[in-house]
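Residue numbers (this note's numbering), protein chains in the order written: chain V, 148 to 564; chain P, 668 to 1134.
Quick caveat, the hints were computed from the structure, so don't treat them as lab data.
The reader is advised that the hints may include incorrect statements.
[Said to hold, decoys possible] Which bits of chain P does chain V cover? Going by a derived footprint, with three or more residues having C-beta under 8 Å, they are:
(1) 681-688
(2) 749-758
(3) 872-878
(4) 898-912
(5) 1104-1116
Built from N, CA and C at the ideal position, the CB exists for glycine as well.
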Amino acid sequence: MDVRDKLQVLADAAKYDASCASSGAKTTRPGSTIGSTEGMGICHSYTPDGRCVSLLKILLTNYCIYDCQYCVNRISSDTPRARFTVDEVVSLTMEFYKRNYIEGLFLSSGIIQTSDYTMEQLIAVAKKLRTEQRYGGYIHLKTIPNASQSLIEEAGLWADRLSVNIELPTEGDLYKLAPEKKKPQIEGAMAGIRDKIDETKQEQKAGFKPPRFTPAGQSTQMIVGATDAPDVEVLKTASQLYSVQNLRRVYYSAYSPIPHADARLPGQSPPLVREHRLYQADWLIRFYGFDASEIVAEADQNLSLDIDPKLAWALANRHYFPVDVNKASREELLRVPGIGARNVKRILNIRRFQSLASGDMKKLRVAWNRAKFFVLTANHNPALLNLDKLDLRSKAEPKTKQLMLFDAASSALSGEV
Amino acid sequence: MQSIHVDTFDDWRDAARRLLASGVSPTDVQWIGGTERSLFDDEPSPTAADLGGEGTTPSVPKAFLELARYVASHRESGRWSLLYRTLWRLTHGERHLLEVTTDDDVYRLTQMRKAVSRDIHKMKAFVRFRKVDTIDAEEQFVAWHRSDHRILRLAAPFFARRFSGMHWSILTPDESVTWDQTSLHYGPGVPASEAPSEDALEDLWKAYYASIFNPARVKVAAMKREMPVRHWPTLPEAELIDDLLREAPARADAMIQTNEGFAETAAHFMPEHGDLVSLRQAASTCRACPLHQCATQTVFGEGSPTARIVLVGEQPGDREDIEGHPFVGPAGKLLDEALKQAGIERREVYITNVVKHFKFRETETPRGKRRLHQKPDSREIYACRPWLEAELAAIGPQVIVCLGATAAQALFGRDFAITKDRGNVMRTDWCDITIATWHPAAILRMQDAARQSQMRTQLVEDLASVK
Ligand code: SF4
C-alpha cells in the first residue's frame, strides 16, 4: 500500500472526530524554523460538506484491539485497514505545512499491541517533528486510553494540546458500548494532565522556566446520540469537566451512522442541529454564566431543536424581562436572546456616552428579531407588548431553518448565541 | 480647498498630521488616491512633502492609528477623506468617538476594517505554496494569490514568522514579496500566468481532501461562503469539488448499504408471551441479522423447562443446522460423555447457544463442498442475545455453564479471558452461579493429545463442580 492509499484510509477513519479546531499557544516554540501557532483557527480549505480543513487529521493506524460499538475502527468492524510509519506521518505533516495547506497535525490512533506501545508511536511522531524538523506548528495528540501517566506526560512536552476522550455522556453508556473504557481511568488520565499543567504554571509563576507542557491545554470529545442519554446529562458531564478538569474544550460529535456500525446503535443520526444546540448551550455555560440544568427547558430533558437554548430559557423565564439595555448589568444583558457577549461589551461602552435606541441595536447587528421582545430601549419598542402573549414562541422563532443548518456546520468553532 | 495625493498609509499619515497641525478642516481638503501607481515607486509623494513644517499634533488614540492602517489598504476611494474627517472629530471634542460604534463614520470605518481583516485572513488561509526548482540545494516556494484589497504588506510579516526557515515568495497582481530567511523584499505585481503551475505533492493533498469529505452531509452554500469561488483557481483541491458533489449521492447510498447498524435485533421478533414454546416458535422466523439467510433453520435451545443447569454454547454447527437441534454433532457427542462422567443427566439440563443460526463459509474440497464454521461477530451476537436472555428468564436456572469464549464473553463482557477464568464461579445478572469452561469443539480441534485429554478432564471437573 503506498502513502496515498494509506492516506485515504486513515483520513477517512479520522473524519468522525470532531475536535478539529486548532488553537494555539501564544508564543512561538523556541528553536523552531517552520511553523507557528499564532493566528489560531485558520481554516485552509472547506469541503463540500461545509466543514473546514485546518489540520492534517489522521490516524496512525485504524487497527484496533478494542471493540467500542460506536467506532468504525473497532476490532469487529470489517473496514479496510492501514498503518502509517512514523516517518510517513512526519513527512506528510512537513510537506503539507510548508505548502500552507494545514495549520498543524491532529494525530490519533487505533490501539495496536498495547496502549503504551501505541502511545509511544504517537510520541515518536511529535518528537521527531519538533527535534529533527524544528517544526513549531500545532500538534494535537489524542491520548490512548489506559496509556501510562509517564507517557502522557512525555506527549505533553511535544504536543500543543492533548485530548482524552470521554466518549460517552454517562458511565452506563460506556459500560454498554465501550466496556474496555472505564470512566475512572478516563478521568484519571485527565486529572494527570491537569496536574502537570498546573505544576508547569506554578513553576512559571515562581520564575522558573519549565519545559512547555500542552500550552493549548486539553480537550475531549463526547459522542452524542449513540445512546438515549438526554442533553441535560451531556451538559452536566461537560460542565463538570470544565470545572474539575479545567478543560479548554468539550467537543460534541453527533453520532452519525458509520459504515459497518453495530446493531445496538440507532440507524439514523440525530439531527445535526442537536450538535449545534449543544455547542450553543456549552457556550452559555462557559461564557454567559448559565448552569447546565437551567438551560434545558424541555420536559424530556433535551434542548429544543427549533430554537436556540438562550431563547428557550428566556421564554421559560419571562419574569426576568424586560431588560433595559441602557441600565441593565452585564450579567442581565448576557441573558437577552440575540445579544452576544461582544455586543454586550459594545453596549456597555456606548451607553457611557449616549443612550441606545432600537435603531442602534440593529446597527450593532444584534439579532433584533429575537432581542426585540425582551428589551427596553431609549425609544418606544412596540415588540415588547408580546412578552406576555402565549404565541411569543412562534413569533420569536427563526423563520429560516435552512440557515440554521449551515450554522451547525461551523458551530464547533464558536457556539456563540 | 487643497488637493492631496496619497497612495499609502504613510503618505496619508504624514499629510494628515500636517493638515491637522495647521488646523485645516476636513471640508477644505480633497483627497486624491487610488492611482494605480505601484507601492514600489519609491518617489516620495510630492504633495505630502509640500505641506510645510510640523506643528504640534494633538494626541490621537492608538486604536485609531491601527484602524487607519487597515482601512488604508481598502480599495474604496473615499477612505482617505473618511479617515481624516474621523481624525478631525476625534481631536475636536469627540475623543471617545471610536467607542460609539453606531456613529455613521465609525460604522463605515469598522466595516472597511472588517473587510480588510477578512481579506488578510483569507490570504493566510488560501495562499498555496508550490515548490519550484531548488537553488543552491535550498527549497524554493512560490505562491500566487489574488486578494480583494491591497493587503500584502499587512499579511507578509505573518508568513515571515511562520515560514522563517524557508525561502518563499508570494505574488499578487499588485505587488510581490520574497522572504530570504532574513528579511522581506517587496517587488512589482506579477500576473497569474507567470506563477508556477504545479507541485507533485498536490496529488496527495487532493487525496486527503477527497477522503475527509462526508458525502452524507452536503452543504455547498456554507462552503462557498467561507471559501469564496474567486479563490478557487489557486486552490488545487477546488477542482475536485464538482466530481465530489456528483458522486456524493451514490457514495451516501453505499454507506447506508454497508451500514450493518440499519439492521435490527431479535428484540423486534419477541412474542407476546415469554414461555419457551412461544419463544421457539417466534425465533424460527427471526430475521434480525443476515445469518438466517444462508442457514437451514433456527436452532433453538432444548431441554427441561425447569432445568437447574443451563449450558450455553456458541452457535449451531453443520449437523445441528441440518437436524435443527443443538449439540447433536461430534461436539455434542463429546459433551454427552462429559455430562455422563460428571454425573449429570442430559435430559435434566437445558442446552442452547448464544447465536441461533449456523454461520459458515463454503469451500470447495476434492470431496465436494464443505461448510466451514465461522465465528459470529459481535454484531450478530448482540442481535441474537435477546433470545438467550428470554430463555434464561423463562427457566430461571441456578447454574449457567458457558461453553467456550464466545458464550462467556456474551455473558461476562468482552474482557473475559477463558484461559484465565475457566472454572471460577462468578455471579451474573442471570444467576448466582455462572461458570465458563471449554467448548467441546475446542477440545476436538486441539492437536496436542496431552493437552486435549487435560482439557477434557477439566471440562468434566467443571461440570461436576456445579452438579
Ligand atoms: S442468528 Fe439470531 S439474530 Fe440472527 S437471524 Fe438467527 S436467530 Fe435472529
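Verification of the hints:
| no. | hint | result |
| --- | --- | --- |
| 1 | 681-688 | violated (count 0) |
| 2 | 749-758 | violated (count 0) |
| 3 | 872-878 | holds (count 6) |
| 4 | 898-912 | holds (count 5) |
| 5 | 1104-1116 | violated (count 0) |
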